[in-house]
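Colleague: Using the sequences and the hints, build the whole thing.
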Amino acid sequence: MSSLVTKVRLRQIEQLIEKGKRLDDRGLLDTREIKIEQGIIEKAEGSARVFMGKTQILVGVKVGLGEPFPDTPNEGVLTVNAELVPVASPSFEPGPPDENSIELARVVDRGIRESKCIDNEKLCIEPGKKVFVVFVDIYVLDHGGNLIDASAIAAMAALLNTKMPNYEIKDGELKMKQGYTPLPLRSHPVTVTIGKINNKLITDPIAEEEQVMDSRITFATKEDGTICAIQKGGSGYFTPQQILEASKIALDKAAELRKKLDW
Amino acid sequence: MNEKTEKLIDKKGIRLDGRKADELRPVKLQVGVLSNADGSAYIEHGKNKILAAAFGPREVHPKHLMQADRMVLKVRYHMAPFSVQERKSPAPSRREVELSKVIKESIEPALFLELYPRTGVDVYVEVLQADGGTRCAAITAAALAVADAGVPMRDLVVGCAAGKVEDTVVLDLYDAEDKLGAADVPVAYMPSLNAITLLQMDGILEPAEFEKAVNMAMEGCKKIYELQKEALKTKYMVVKEVEE
Numbered sequence: 000m001s002s003l004v005t006k007v008r009l010r011q012i013e014q015l016i017e018k019g020k021r022l023d024d025r026g027l028l029d030t031r032e033i034k035i036e037q038g039i040i041e042k043a044e045g046s047a048r049v050f051m052g053k054t055q056i057l058v059g060v061k062v063g064l065g066e067p068f069p070d071t072p073n074e075g076v077l078t079v080n081a082e083l084v085p086v087a088s089p090s091f092e093p094g095p096p097d098e099n100s101i102e103l104a105r106v107v108d109r110g111i112r113e114s115k116c117i118d119n120e121k122l123c124i125e126p127g128k129k130v131f132v133v134f135v136d137i138y139v140l141d142h143g144g145n146l147i148d149a150s151a152i153a154a155m156a157a158l159l160n161t162k163m164p165n166y167e168i169k170d171g172e173l174k175m176k177q178g179y180t181p182l183p184l185r186s187h188p189v190t191v192t193i194g195k196i197n198n199k200l201i202t203d204p205i206a207e208e209e210q211v212m213d214s215r216i217t218f219a220t221k222e223d224g225t226i227c228a229i230q231k232g233g234s235g236y237f238t239p240q241q242i243l244e245a246s247k248i249a250l251d252k253a254a255e256l257r258k259k260l261d262w
Numbered sequence: 000m001n002e003k004t005e006k007l008i009d010k011k012g013i014r015l016d017g018r019k020a021d022e023l024r025p026v027k028l029q030v031g032v033l034s035n036a037d038g039s040a041y042i043e044h045g046k047n048k049i050l051a052a053a054f055g056p057r058e059v060h061p062k063h064l065m066q067a068d069r070m071v072l073k074v075r076y077h078m079a080p081f082s083v084q085e086r087k088s089p090a091p092s093r094r095e096v097e098l099s100k101v102i103k104e105s106i107e108p109a110l111f112l113e114l115y116p117r118t119g120v121d122v123y124v125e126v127l128q129a130d131g132g133t134r135c136a137a138i139t140a141a142a143l144a145v146a147d148a149g150v151p152m153r154d155l156v157v158g159c160a161a162g163k164v165e166d167t168v169v170l171d172l173y174d175a176e177d178k179l180g181a182a183d184v185p186v187a188y189m190p191s192l193n194a195i196t197l198l199q200m201d202g203i204l205e206p207a208e209f210e211k212a213v214n215m216a217m218e219g220c221k222k223i224y225e226l227q228k229e230a231l232k233t234k235y236m237v238v239k240e241v242e243e
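Residue numbers (numbering that gives the first Met the number 0), protein chains in the order written: chain A, 0 to 262; chain B, 0 to 243.
FYI, nobody ran anything at the bench for these hints, they're computed from the structure. Quantities reported herein were computed from a predicted structural model and do not represent experimental measurements. We treat Cβ as the ideally placed atom computed from N, Cα and C, and that holds for glycine. Among these hints, one or two may not hold up.
What the hints assert, rightly or not - The following label-pair restraints were derived from C-beta to C-beta distances:
1) 167(B) - 66(A): 28 to 38 Å
2) 259(A) - 233(B): 30 to 40 Å
3) 118(A) - 233(B): 51 to 61 Å
4) 167(B) - 213(A): 33 to 43 Å
5) 98(A) - 211(B): 29 to 39 Å
6) 72(A) - 221(B): 42 to 52 Å
7) 24(A) - 211(B): 34 to 44 Å
8) 68(A) - 167(B): 27 to 37 Å
9) 198(A) - 111(B): 14 to 24 Å
10) 90(B) - 24(A): 40 to 50 Å
11) 205(B) - 29(A): 23 to 33 Å
12) 19(B) - 98(A): 36 to 46 Å
13) 223(A) - 94(B): 23 to 33 Å
Said to hold, decoys possible - Straight-line Cα separation of at most 20 Å, SDA-like style, residue types lysine to any residue; simulated pairs:
14) 221(B) - 180(A)
15) 178(B) - 69(A)
16) 247(A) - 205(B)
17) 222(B) - 239(A)
18) 211(B) - 223(A)
19) 73(B) - 235(A)
20) 46(B) - 85(B)
21) 162(A) - 180(A)
22) 115(A) - 73(A)
23) 87(B) - 70(A)
24) 46(B) - 205(B)
25) 100(B) - 233(A)
26) 115(A) - 162(A)
Modeller: In structure tokens form, the structure reads like this:
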């Protein structure tokens, strides 16, 4: 797996980070530029493609009809799934979702769900029987690192672009009508991941940096500066001080990103 | 929220199950409970009943997962179909796959992986009964099982959650508090190294509440840590008595 060349490369990354520098000339806490394209898949109710350095994520949102969960009879249903498509990296293989894609999907899901971003009650058609189901499918097209943050931005951008079909109920029967209304959204969660390399904290790691990263911690935050989801990953640890430092960095970076994206 | 729901915390700050805000549920730990595993542990954390078994260091299966320069730790977290109110399908759910991954990553920092190249340690966690906070209790038991297998460790790993119920930050949420509360923050911690190896959260917290919750969870971990060490020692004390 790790050839001699990559070992040398990884050592180089570690040495650069020690000096506060990075392979792509960024500072430790600088993030890459983000480019968003919305509505690029016409057959989907919502879609967005996000470019973050070499990372490229496509998210498609389909809105379907389904049954609500028994414990939330008057709320719509959100489903998030992630595919690490083999086109994105030689390390991605075809097959059912592995633990990495399941974790990616569940972390993005938690940010959207816990921030109460989608006004779920407005997705209810007939309490206990029929609701709208929002399927968010994350497609990783090119793996250039920091898939969690890029996917979370892409998912949010796709939801902002999502339209729900109009409907009416005539004689107890559901009929679809012409036209669409925007998906009812209440907040815009922003997700920021902090990586740790040799006890130094960095933001927005590239794929090669992720290979030397001991661990990472992801914070999903809301407009009001509250935290709505956290996930630590990787086989290293953080000291309690590093956790607090990371949470402050994440809140700052999230505010910066909100300004840029106007979320 | 449901109007019929009882208050989770009363005016005196006492929770529905009679605990104070910073009080743990009763924790009982036992080591060496299985005969065929290289190491094993059983935890009762409140109503959670969890069994962990460790095998290895041994050959890695399947072989392609073997690493030439380090040991591979594999963890499977699994819930018994009868462990929860509604029967849970025995097939692994997405939640169990994620928890297996985060539990593995919470134990790995405690191991000297690089000293055991080409080997694997497998940890199997079976949740026999669940009542909130199973991932934390699973970590406490899994670390003990690995230690019981004789695998050298930098420190034991302890799991404990804190969270927010109504407007109070509380320690060690049980099922009802987890479901109806405002936030849940599971933490795994190596007390002697002051290192956090698992941190997750769902719900909404102000940054100050988050800091308080993490600190409270670490205090909980330190208390359980003492019980963990006691459980390891107890096993050998029993052996000694038999020999004499």
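Colleague: For a quick check of understanding: which of the numbered hints are violated here, in increasing order?
Modeller: Structure breaks hints 2, 14, 24.
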